[in-house]
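S.K.: If you want the building blocks of each chain, they are given just below.
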Amino acid sequence: MSVTALGLVPNDEDRSAAPRSTPRKRARSTFIAVNAFDLVGAAVAGFSITILISRLTALSGLIGLFFLAMGLFLVTYTVLVSLREDGVAVRDAVMTVFLACAALVAFGALTLVIVYTIWRGLAALRHINFYDHDLSSAGPTSPLTKGGVAHALVGTLWQVGIALVLSAPLGILTAVYLDQSRSRFSNFVRTVVNAMTALPSILAGLFIYAFWILTLGFQFSGLAAGLALTVMMLPYIVRTSDLVLRLVPTELREASEALGAPRWRTVWHVVLPTARSGLVTSVILGLARGIGEIAPVLLVAGYTTYMNADPLHEPQVSLPLVAFKLVASGIPTYAERGYGAAALLLLLILILFIIARVIGGFGPGHMSARQRRRAQRVSKRYLARIKSSIGPDAAAPGGIQ
Amino acid sequence: MVILDAPPLSAGTPPTTRRRVIRSVSESGDRTFRAITLTGAVVVIGVMLGIGVFLGLKAWPALVVAKFRFLTTQVWEPDDHVFGIGGVLPNTILIALVALAVSIPVSLGLSLFISEIAPKRLQRALILVVDLMAAVPSVVYALWGFNYLQGHTIGVSRFLATWFGWIPIFRVVGPASGNILGSSNAFTASTFIVGLCVSLMVIPIQCSVMREAFSRAPVGEREAAYALGGTRWGMIRTVVLPFGRGGIIGGTMLGLGRALGETITVLLIISPVYRINWHILQTGGNSISALIGALYGDASKFGTSALMAAGAALFILTLGINFVASTIVGRSRAGSARPV
Numbered sequence: 001m002s003v004t005a006l007g008l009v010p011n012d013e014d015r016s017a018a019p020r021s022t023p024r025k026r027a028r029s030t031f032i033a034v035n036a037f038d039l040v041g042a043a044v045a046g047f048s049i050t051i052l053i054s055r056l057t058a059l060s061g062l063i064g065l066f067f068l069a070m071g072l073f074l075v076t077y078t079v080l081v082s083l084r085e086d087g088v089a090v091r092d093a094v095m096t097v098f099l100a101c102a103a104l105v106a107f108g109a110l111t112l113v114i115v116y117t118i119w120r121g122l123a124a125l126r127h128i129n130f131y132d133h134d135l136s137s138a139g140p141t142s143p144l145t146k147g148g149v150a151h152a153l154v155g156t157l158w159q160v161g162i163a164l165v166l167s168a169p170l171g172i173l174t175a176v177y178l179d180q181s182r183s184r185f186s187n188f189v190r191t192v193v194n195a196m197t198a199l200p201s202i203l204a205g206l207f208i209y210a211f212w213i214l215t216l217g218f219q220f221s222g223l224a225a226g227l228a229l230t231v232m233m234l235p236y237i238v239r240t241s242d243l244v245l246r247l248v249p250t251e252l253r254e255a256s257e258a259l260g261a262p263r264w265r266t267v268w269h270v271v272l273p274t275a276r277s278g279l280v281t282s283v284i285l286g287l288a289r290g291i292g293e294i295a296p297v298l299l300v301a302g303y304t305t306y307m308n309a310d311p312l313h314e315p316q317v318s319l320p321l322v323a324f325k326l327v328a329s330g331i332p333t334y335a336e337r338g339y340g341a342a343a344l345l346l347l348l349i350l351i352l353f354i355i356a357r358v359i360g361g362f363g364p365g366h367m368s369a370r371q372r373r374r375a376q377r378v379s380k381r382y383l384a385r386i387k388s389s390i391g392p393d394a395a396a397p398g399g400i401q
Numbered sequence: 001m002v003i004l005d006a007p008p009l010s011a012g013t014p015p016t017t018r019r020r021v022i023r024s025v026s027e028s029g030d031r032t033f034r035a036i037t038l039t040g041a042v043v044v045i046g047v048m049l050g051i052g053v054f055l056g057l058k059a060w061p062a063l064v065v066a067k068f069r070f071l072t073t074q075v076w077e078p079d080d081h082v083f084g085i086g087g088v089l090p091n092t093i094l095i096a097l098v099a100l101a102v103s104i105p106v107s108l109g110l111s112l113f114i115s116e117i118a119p120k121r122l123q124r125a126l127i128l129v130v131d132l133m134a135a136v137p138s139v140v141y142a143l144w145g146f147n148y149l150q151g152h153t154i155g156v157s158r159f160l161a162t163w164f165g166w167i168p169i170f171r172v173v174g175p176a177s178g179n180i181l182g183s184s185n186a187f188t189a190s191t192f193i194v195g196l197c198v199s200l201m202v203i204p205i206q207c208s209v210m211r212e213a214f215s216r217a218p219v220g221e222r223e224a225a226y227a228l229g230g231t232r233w234g235m236i237r238t239v240v241l242p243f244g245r246g247g248i249i250g251g252t253m254l255g256l257g258r259a260l261g262e263t264i265t266v267l268l269i270i271s272p273v274y275r276i277n278w279h280i281l282q283t284g285g286n287s288i289s290a291l292i293g294a295l296y297g298d299a300s301k302f303g304t305s306a307l308m309a310a311g312a313a314l315f316i317l318t319l320g321i322n323f324v325a326s327t328i329v330g331r332s333r334a335g336s337a338r339p340v
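These protein sequence lines map, in sequence, to chains A and B.
Counting from 1, position 2 in the first sequence corresponds to residue 2 in our numbering; the numbering is continuous, with no gaps.
Counting from 1, position 61 in the second sequence corresponds to residue 61 in our numbering; the numbering is continuous, with no gaps.
Isolated chain B, as found in the complex (with noise of 0.2 Å):
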């Protein structure tokens, strides 16, 4: 908007004291472009919402009978109005933990390695690698972690459950506790194992994230540290990392939410249990994504109206989890991270 007071520049023109309106005209090929980005955006915001809405619509009956204990009953038997997420839940979040705990050193370390040290032909390749990597389905994990990945861990579970066993997570309950010959059999479908299954997902995910922010530090700022006298090491702590936090914290969460919602593998992999079981390396565990995969199928009206429930509880989690994280990305210094 522009406002002229003082008597216009040119000479020729006599001085008005009337103020100009600036008004955009649209004409009407404006206004039909407009109505129709307009409609597609407001399609996409419905269906978005949507999500939400009938969720939370066809959960409300099982809800209602279910009312607080279904945060807290660990069985499900839905048809019996005996049912709740308190043992799924849980585990759900136990399985994304040890994902995490897995996945944050090697993608923090493989991002680091791609945008510091790789020289410049090798960090296009790696790149272009992790990219593609992220593109995998998760089929293809899940099917690798049932068939390969079980038969190689064992090992390591029977190794922390015997050496380790007196961290309460690393205990194995059963027959095999402390018996380094003890059968195989109480350490398959495992939480860890379907953990670093995940894990394995959710790597190229956090590592295009971290790489997208570290790229980002300050030719400057680098530069100082090593006019500084810093050595290499030097600069990535007191100038890259600083400066990716918020891409590491973005990242991070984003691995999360994918960790959390992830359903094949688990479905594969885990024999499900409506318990806590605090025994990663013992088999046992689920997640409620696995839960409404498994049980859609012979659900009565109101076991559906359960899974529901189930999933809705998903969505809220996930979507709090991502809220967070796009805010902590959006806030740090390094700005958006690219999509994922």
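Isolated chain A, as found in the complex (with noise of 0.2 Å):
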């Protein structure tokens, strides 16, 4: 019975029949435009200000005239407001103003940083060479059609795709550890795991210095950034999944178990399935993290301008480490090269980020068109074997009671 039908709620025809009390329909935004006006004036006001100042006292530059100015807009559309309301509304268009103003600021200076990479980086990226040839043959003034990162390139795959493999597998281990199991250890790790996401990342190249390569005595290689990225990343993916893990709805693991299926099925067939884009998600995130930093492969892979496959031995770079070391050449031709490579690298991460919230977009459960219709086909196969199996009664219309 729907609640309409209690009578509770007037539906469409009950409302258009009834007389209107107001022909008018009610304006319920709370934008006028005498907002407008106060906005734009005290807009105008600010930039003619800062103006006045900048040309008075010393401030030059950009940023400190754009700062200025926002200051300057922000006090004036105080005073226009407060000519028409009182303390409270003021307070409340004020602050409205200025929690906007802060947004852009923030996505104003986000944006400026990805655009002028990719803006500076344009001139490196346009050559082919870039791209499948290492820096070995590019002398400090060389051209751009000479040279490239391609060894960096080949780098950034064999040390991301170490660690990986590593971290994969042993951080989602980890997590479903930590989804069964309820004990003093299990706390311990999670309260560790949690205090070590913010690990400095220098940290992590540090300890695979100090053990890998101080202990063991292995050489610099991009096995070692490979495991040093593997420290980095373990206890950011271990707790991401354990996050994913809990929002699997206790009823799927209470009824896998209702069924008499031991632990290990129901995490392999109905918790790890039901998880799956959130721990791809997080896996990727991770990846995603793990690409870009420099500080413990700058420590334990050495830096070479040659191209190297071999990840076991000699030195191997990475595209974050080839950006940094360009750049910080001061050789106009590098730097070019250095932030060619930067944009490459944030290109590679915008795919990474794209892939990971395709996939990641869905909760918990949730299926695609074509896993709805695998899963009816399946369900039909059992419906039909549970059908057969108690006899010709249970199968007349009205199905299975």
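Source of the hints: derived by calculation from the structure; they are not laboratory data.
What you are looking at is a predicted structure, and each value in this text was computed from that prediction instead of being measured.
Label pairs and their computed distance ranges (CB to CB):
hint : chain 1 : residue 1 : chain 2 : residue 2 : range
1    : B       : A35       : A       : K387      : 36 to 42 Å
2    : B       : A101      : A       : Q376      : 56 to 62 Å
3    : B       : A101      : A       : V115      : 22 to 28 Å
4    : A       : R246      : B       : R19       : 31 to 37 Å
Straight-line Cα separation of at most 25 Å, DMTMM-like style, residue types lysine to aspartate or glutamate; simulated pairs:
hint : chain 1 : residue 1 : chain 2 : residue 2
5    : B       : K301      : A       : E314
6    : A       : K325      : B       : D298
7    : A       : K380      : A       : E257
8    : A       : K325      : A       : D310
9    : A       : K146      : A       : D132
10   : B       : K120      : B       : E223
11   : B       : K120      : A       : D92
12   : B       : K301      : B       : D79
13   : B       : K67       : B       : D298
All C-beta atoms in this analysis are idealised placements derived from N, C-alpha and C, irrespective of residue type, glycine included.
The two chains are supplied separately, each in an independent frame; assemble them into the complex guided by the hints.
M.R.: Structure representation (structure tokens):
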């Protein structure tokens, strides 16, 4: 029985039949023209006073002027609003505009960072050789048509690949342990892992340097860099996977156990498939974080301008490290290539991010159309089997009770 | 555990005096499964604890030589056995504080704007963008700060030094003090510029923690505030902000931990000094991670040990901050925030 049938809420016909007391639709928008005048007026005033001040004092540079203009805009806006409204309304209006300004500053700055990097990198990205040559042939005066960062691309793939192969299974295994176990030890693991998610990445590199290179005596290599990235990515993957597994509905687990499934079957056939998209997302975002890190790699991978496809021996560089070293060198043509490498890195991360969103956009238990059809087919098969096993009576229309 | 003292409800069975013992019988598959997952957890915890253990082990030779002077010495000459983080540690903290001073108001405003003011569709887009910003690698921020921000910030530095130089931290000592036309060299590579750049990295992290906490403020309390005639800002001030206090503190601390450990930006922009430099606008500063990144290559065996000691100090500092942060967030009403 619907709510409407109970007469609690009039349905559309009732409402249209009743005589209207007010012929005009009520305006519910809080935005009125005077607000717009206030905003525009304050913006113009802020801009003008900023120009005046910049002429009178030594303030120069776009950033400083921008913040000054924003501050003056807020002050002017406060004055304008307080001409009409009382204290509470003024505070509301001013704080709303202030929060919008904070958002504008943050997005403005962050967009500037990304656009600037890609803009500076375009010069290098335009040349094909940037993608399939290493830097060994490019001297300080070589044009951008010579040399590239292929060696760094290969290095990044190896190092991140090693880190992925090690950290994803280990991380998810630990998350499953945390999900299944309620002991003092599991609490300890969770606490330590949570604290380690914000570990400065250079300490991950320093640890591998102390353990792998100084104590065990291995050399600088891509493998060592991969290990350092693993140490860095591991807590992140464990923590996010742990949270994803907690979202799996208890009913599903209980249904599985009530059917007599042992723990491992419940985890393997119910918990993990339900949380699949979330787990993939957590691994990909961990990967996106690892791919851009320099600090751990800086200490243990060494630096080279030559192609080195062997992760076990000899130094091997990655994209962020090349970007850093080239820009820090201060040589203009190198810096251009450095920005190219940074832009390439940004694009890689963007792709990873999009993949993560496409996969992880669904909550636990969400199925695509194909998955749903497959599940329905399996259910029908089960139904047929059940019907045939309990005899013709149950197969009558009406189905199983 | 179920213990039945009363006679069983079903009339058919005779009453028994034996207690029923319920025990879970794990089959061999389950035992294997448990062993495998436990192994994974033990490996992970081993690696995490190994960081502390190995840093400590490798730092020991240096710490034995330096003793407590390690915390006060403002020189870094490990080969002469004169070294310490007395200058580098305060400079590290100074960079982090500058970063937080900028990032806290901005990320607070941004997260409130996203969770309270932006319309639904814009809200989703903004959340996506903030998450993407959090994934932008630090080297990108570092390059931007080095080549763009530095040039555009010197004007601000000079303005602050000229008009607010009477505040001790804004004072610039040297040829440029009080001289508007002075060369801009005194203002480059300063703690202030690095702090600004690091603040940009920290904003998305802080914002996502804070927004998560704000968005969990109960609808009932929000509507109660509106029903009492409150404005939107009144509602935010009396409901959202008190509710999200744990998220604000936790996000701030997480940002602090990140700012303390930032390596590449500091390494690229700052001109390193080993003494305390309180004048944040003036050239020169340092951080522990930049110290390690800059010196590990040419360090002798003992020098490496000294760097490990510095790393151990950073380790303890950030770990302490993270523990405090997660405790505060966990105890707050908003509950544990999402991962960063």
